[in-house]
Amino acid sequence: MCIKRVPDMDVRFKIGADNVSLDEAGLKFDINDFDAWAVEAALQLKEKNPGSEVTVISLGPDVVQETIRKALSMGADRGVQLKADKVPFDGLAIAKALAEELRTGAYDLIFFGKMSPDSSNGIVGPMTAELLGLPCVTAISSLQIADGKGTSKRELEGAQEIVEFQLPAVLTVDEGLNTARYPSLKGIMAAKKKPLEVKPAQLPPVQITVRKLELPAERKAGRVVGEGAAAVPELVKLLQTEAKVL
Amino acid sequence: MANIFAFVESRGSDVRKVGLEAVTAARMLADKAGGEVHALMLGPPGISARAPQPGQYGADVVIVVEHAALANYSPEVATATAADRIKSGGYRAAVFSTSAQGRDLAPRVAARLGVSVVTDVISFEIEGDSIVVRHPVNIGKVIATLAISGSPAVIAMRPNVITPAQNAKAGRVENAQPAIDPSSARVKVIETRQGGSGKLDLAEAPVVIAGGRGLKAAENFKLVEDLAAAFGNAAVGATRAVTDDGWRPHSDQIGQTGRLVSPELYIAVGISGAVQHLAGMRTSKTIVAVNKDKDAPIFKVADYGIVGDVFEVIPALTEAVREAKKHH
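Chains A and F, in that order, are what the protein sequence lines are. 1 is the number of the first residue of the first sequence in this note's numbering; add one for each residue after it. 247 is the number of the first residue of the second sequence in this note's numbering; add one for each residue after it.
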């Protein structure tokens, strides 16, 4: 499965001096939540299918090795770092580099998180599938595999889709599929000895460049209309006359 | 002169509002580039009855693909059909929607065209050979301005950013065939289960009422549902704490890992305002919060707040909204 190291979002971000990158000082990084659920999905399949192997791939500078080690400590078997100075915004460039590596393994299933909160674009999984010519189901919230076929559920706006697909396939994982396990102490010790291969990422020229990052305008400070049910008439009046939404 | 492609999202035989937003966005681009809008829609037999709709919203050409196997979304048929059309049409840009379907489709089509894609676009400009877009990153805490140099530029609009605008064109209708045999698809949607009938979707509803832990128990969501019913045009959402506890389905979750909403009016009921929740609703136009804790972070983003017990305030608000609606 393919995973990404992302910053903790529970902070006030600062824009770097170059105006096109974040000031990373003080940011805490960990595996993307959606990717952790993807790791869990792969591990559950491995447990049901003895003899299968789980490979975890991450693209980026050497710090992504920590993220790969975390997946190894959860139970993945081997790691691959596709080494790049930085992770470009352009998801097609990332997908091409991943597809180069994925082509070399005979994988039955390739998992991705459905998106990462930092770039918030959610395109690398389906683009990689297209480049590999594999069937793909995005944003799955359930998964059954039997007889070389899979069935998943996808959440739509106000509806659900039940999807059947052939293997091998690319799947991207939504919240609700599972709860990711914590690495055990034993897992953390074992992860140190698991193979982690480092290869240069074959990144093509990018088609999307970041011109500028900026902080959004702060919402102007609101006001407390009042306390308890007694404040309801005033609120309704404001919604009608000021906000004009009622 | 440069033409613009728009993908008109449908579900069953109905065009979705986000589909018309894509057509309107494409119209805005085509007016800047001095070209036509060509809109593609796929669906089961009967979808052609909806072909005038994209025309009303500014499409010069509406390409309709009708097939019995397209009652449900077919990712592979839609990808092949859209990619073929975009390739042969020589478009300057292709516009999709950032919906569950658009998030699935746009990157596949772009990859097939050998170009990248930006989803969740909130504004766009044509600048020489580039299309420059704004796209929220880091759960909306940072806004990125991105230049797309590939051609065609593929973008997917965030829902509710563009107001579908009537801009009637003749909307010449062309009928077309699926680019691949639907029965050959390796991924098949065998069923689309609709939520409650007539239930408004979170992403499209003009009013969203969301409930949090302050409601204390699953059954108390009735207060939220009653308020939504009083508005008549409201959808009900929830916080992650609530969906994790199983009070509401995961699909109702508004936040960083859930749904992103941007309605005219957002009412937070018993929601403290965790960062992960604010990420999903902070771009709402007007925010109202009702919470018994006057120091709850939700009051920092709320335009109007009431400090008080939701079990007293919400029924009173429901009654007042019902009254106000009566006089309309």
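Note that these hints are calculated values from the structure, not bench results. Hints may be right or wrong, so weigh each one.
Stated by the list, open to error - Quick list of simulated restraints, FRET-style, between CB atoms: (1) F/540 x A/142: 36 to 44 Å; (2) A/167 x F/558: 35 to 43 Å; (3) A/241 x F/478: 39 to 47 Å.
Unchecked claim - Reference listing, derived: stretches of chain A covered by chain F, where coverage requires no fewer than 3 residues with Cβ under 8 Å from a Cβ of chain F: (4) 164 to 172; (5) 197 to 203.
Using N, Cα and C, we set each Cβ at its ideal position, and we do this for glycine too.
Comparing the hints with the structure gives:
Range check, residue 540 of chain F to residue 142 of chain A: Cβ separation about 41 Å, and the 36 to 44 Å hint holds. With their beta carbons about 55 Å apart, residue 167 of chain A and residue 558 of chain F fall outside the hinted range of 35 to 43 Å. In this structure the hint that residue 241 of chain A and residue 478 of chain F lie 39 to 47 Å apart at CB is violated, the actual value being about 20 Å. Check on the stretch 164 to 172 of chain A: 4 of its residues sit with their Cβ under 8 Å from a Cβ of chain F, so the three-residue criterion for coverage holds.
Check on the stretch 197 to 203 of chain A: 0 of its residues sit with their Cβ under 8 Å from a Cβ of chain F, so the three-residue criterion for coverage is violated.
Of the hints listed earlier, those the structure fails to meet are numbers 2, 3, 5, in rising order.
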